[in-house]
Structures are given as C-alpha cells and as structure tokens.
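Asks: Below, each chain spelled out in residue letters.
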Amino acid sequence: MSRLAIDLDGVSKSYGNKLVVDGLSFTVAAGECFGLLGPNGAGKSTITRLLLGMTPPDAGKITVLDMPIPARARLARGRIGVVPQFDNLDVDFTVRENLLVFGRYFGMSTRAVKALIPSLLEFARLESKADARVSALSGGMKRRLTLARALINDPQVLVMDEPTTGLDPHARHLIWERLRKLLAQGKTIILTTHFMEEAERLCNRLCVLERGRIIAEGRPHTLIEDQIGCQVLEIYGGNPHELSAIVKPYVERSEVSGETLFCYAPDPEQVRVQLHGRAGLRLLQRPPNLEDVFLRLTGREMEK
Amino acid sequence: MMGDRYAAALPSNAWNWVSVWRRNYLAWKKVALASLIGNVADPMISMFGLGFGLGILVGQVEGTSYIAFLTAGMVAVSAMTGSTFETIYAAFGRMQRTWEGMLYTQLTLGDIVLGELAWAATKALMAGMGIMLVATVLGYVAWPSALYALPALALTGLAFASLALVVTALAPSYDYLVFYQTLVITPMLFTSGAVFPVSRMPGVFQQVAGFLPLAHSIELIRPAMLGRPAGSIGLHVGALCIYTVLPFFLSSALLRRRLMP
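Here the protein sequences come in this chain order: A and B. Read the first sequence against the numbering used here and you will find it ends at 304, with the numbers running on by one and no gaps. Read the second sequence against the numbering used here and you will find it ends at 261, with the numbers running on by one and no gaps.
Okay, chain A solo, but in the shape it has when bound (with noise of 0.2 Å):
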C-alpha cells in the first residue's frame, strides 16, 4: 500500500462541450484532509463522481487506494464511504433500516450490519432516532445518518460533497467535531466545500479551483501566507470608492465588495490616522484568513 490514497494525473471530463474539468493533477496522501475550493460550477461535485468511477474521464488517470479508477471503481468503491452534496437517504425507512439496507449493499450480511449499527448511531448521535423515520429527521441529523452510512464499510478514504452546507452552526460544529475524530482514527478525507471555516478547520492541504483547473494549492497557513501576508482592514460605511483612492498610498492592496472596502494592509495604523475625523465610519481588523484568499483569487464580485 502506497502512502498515497488518491491520485490524479492530467484527467479531463467534459460535457458536451463544456469543459467541466481541465487537466487535473493533485495527490492526497493517506491519513490526510485534502479540500476541494471553489465558486459553484468550478467542478468540485464532478470530481467526486470521477473518484467514484460514476463517471469516465475523457483523459488522464485516477487511482485510488492503489486501484485504477474507474477500471477497478467497483472494487475501491468497497473502502471508500460517500457524503454526497445532497442527502440521498431512503425515505421509505427508519433510521436504522437505511443503514441495514446499505450495509447490505456492500455485500454484508444482515446479522454482520445489525451488529455495527449500535456504534454508527452513537457516533453520529443518533441512538434515541433508531426507529425515527428518515422524514421526521432535521437536516442536521440527515446529515449525521449520512455519515453514519457513509461508514458502514469502514472505509479508509472519505469523499465528502458539501459536508455541511445548509446546516445551522450547531449542527454544523457537531459534523466537524465528527470528522476531526475520524481523521484521528486515520482516515483519509477529500471533501469539497464553500465555507472557508470548515477548510481552514479541517483540511491539512487544500486546492482552490476555477474552472476545473486548479489556481492555488497549499496548506491553509501557507496560502494565506503567500496570498494575503498582511492584516486585513474592512471598513463599512461612507462610500468605498472614495475611500479607497484615500487610503491608497497606505495599503498593499485594497478591493471593494458591495458597500464594504477591504484593505491589506501592512500597516493598518496609518490607515485609521488617513481616516481619523470621518463621521459614520466603521472599521473592523482582523488577520487574514482563507475567505481572503479565495476571494482574492476566485474574485470578490463572484456569484456565491
């Protein structure tokens, strides 16, 4: 077993003929969280169903676990475990009977699965939902039996779409605080996200894509290292464009975003003596994060 769960060399898919990703290289090794950034329609969720095998490339090469994919797909498709975008649950079912039914799936025997389920719904919090119909369930315990399902083969790679997107804070929190423990346990975790939080929380490396091609790649610190490398200074309030051609000769950069004016600054000191006096002004420092990079690469005025 090689110390790399997933491989990626040079693969392209189009549909029709838009080209959804482009030349795509990147390794994740095992025991690693490796995030997939990007705007909507970059190519994140078709990324997952190449891992998958659930659809072909039209170039390169994917392996997985050692297992050319999708030649072998069916076989890897045995150690991995699936948290897709959206929740796909059987609503015909209980809780307990959707992770019977997937279980067997995989090939496990009835008594095999009902002897998991007990340690599955504890992780996921969900001993007092067992005989809960999936409809009764919140979103964020749908996404909690999700995961749960997603771990009945005790798999060794995790391929997460959205893990927690349209779930409130909590619930939010929760699936975190989840997958920190499965990533302790040794398991390896591609997801894709939107939220910057959750790559900054989670991922150890992580790439930003546009247009299925990938414009930055890096762990989180280092990015905003590299990226941004100052504080930002946001200031609300007044009119940003005005703003920003007085505050110009003190800032690295700066960008407006709606009624907001965002400044890198090395020195934010000299920023707020530029606006000292002006009434109506609110200013908020803070370090960079990874909301900074994206935002900065994938460009502010971006459809969210």
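Hints are computed from structural coordinates only; laboratory data are not their basis. The reader is advised that the hints may include incorrect statements.
[As the list claims (entries may be wrong)] Across the chosen pairs, the derived CB separations fall in these ranges:
hint, chain 1, residue 1, chain 2, residue 2, range
1, A, Pro169, B, Val178, 37 to 47 Å
2, A, Asp66, B, Trp143, 58 to 68 Å
3, A, Leu19, B, Leu246, 31 to 41 Å
4, A, Lys181, B, Val18, 32 to 42 Å
5, A, Pro169, B, Cys241, 54 to 64 Å
Idealized CB from N, CA, C, for every residue including glycine.
Since the structure of chain A is provided, determine the placement of chain B on it from the hints.
Replies: Frame of chain A; chain B shown alone:
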C-alpha cells in the same frame, strides 16, 4: 476504456442484485396489504364485471365458461400490469436518489437493474397468484396443472419489467410514462387474447398478436389454469426470454448514459 463502461452497466456477479431486491421487499412489507389489494383489485374488477356480464351473452368460449377463459387471461394481465407499473412508476421514482446511493457501494448499475427486474417479477408473481387464489375458491382453476402457470407468471413479469425499464430509462418525466401505459399496455390487453380469443380477431391482428409478449404469456398460462395441454411451449418461453434479455441490455446502456454520463 469502453470495456470499463460496459462493466459499470452490467451485473458484477450472479448474486449482488439480491440486496437491491431485499431493499424493495423491505419497503413493500410496510405497505404489503394495500399494495396487494391494488395489484389484484383492478384485474378482479374486470374479471367479475366482464366475466358475469359478457359471460351471459357469450356463453362458452373454446369449450369453457367465458369467466374461466377470462380469468386465465386476467392472471397474465395482472402480471403484465403489476411488473410494468412497478418499473415505470416506482423504479422511476427510485432512479434519481435511491439508485445514486446504491452506486456509492460495490453495486454496479447492472446489479441495480437486475435487482429491480427480479423485484418487478416478484410483484407480478404475487399479483397473479392473488387472482388465482380467488379464482380457485370460485372453482375456475384446474390444479395441479395450474402450478405450471407460476414460472410463466414470473417470466411474464421479467419480460414486461425489462420492456418498461427501457421506457423508464428514456422518459424525461412522469408524464411520458403515461404514454407507454395508454398506448402500449392497454391496447395489448385487447389484442393478445386476454378478453377474447385471438382466433376471432381479423387476420392482421392475429399476425400482430404473434409478436406480442402478452399473447405468448397467455398461451402459457391459460392452458395451465384450465388444465389443458399447452402447445409450442418452447416458442412462447423463447419469445418471452427474448423480450427479457434484449431490453435488459438496451436499458442498461441507456441508463449508463443517463446516470453515469
């Protein structure tokens, strides 16, 4: 590359499909009674409505009472409609989400297709047996020769499920499924000898009937239920097998294009 694509669309082995069948069975168990009544009631209403009413006018058909003749036809019809509806409506509903989940596992699309066909055939068998049970009580069924009707029912279910899956694979929405039901299934009921003998139809229709799967099914089921010797069994079984196997490959290919583009 092409080999991989076919591998994804074909069954991976001889038993993987069983978990798909068991999923449908578990879902069915929750609504078993309502489902059985639904599958059996419609052909029974035709059986009694037409059987008693027309029976008075028609008298004997091919040497038996009209209602016994019709009942045997309705058993085949119930297998046809039971498996068709399961495949065009229920499987269409499962196709987007439930099948997507199945494809995350070690099931292939071919395993799913096979499981769905086997399940539809099971429902066809249950529907046909439901009517046979009622007809037995009323004295229209010759046992034990009617036992031969059971494998014929299952095969009928497989053939119609396989045909319907092609429609499911092609239909953009539920509305298109109705076309198949009203333009193919309902006319087949009247041209395959279910309600009146094929031999009484105009010559052209008789020739058409020779190609209809329901006609072949009835040629197997009716003699069994009436306790008569069946003719050309090989031909009828062969025809139903062709209607099972060819659409199976066609729908697998179509579904691969639709679900795994």
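Asks: Flag every earlier hint the structure violates by its number, smallest first.
Replies: none
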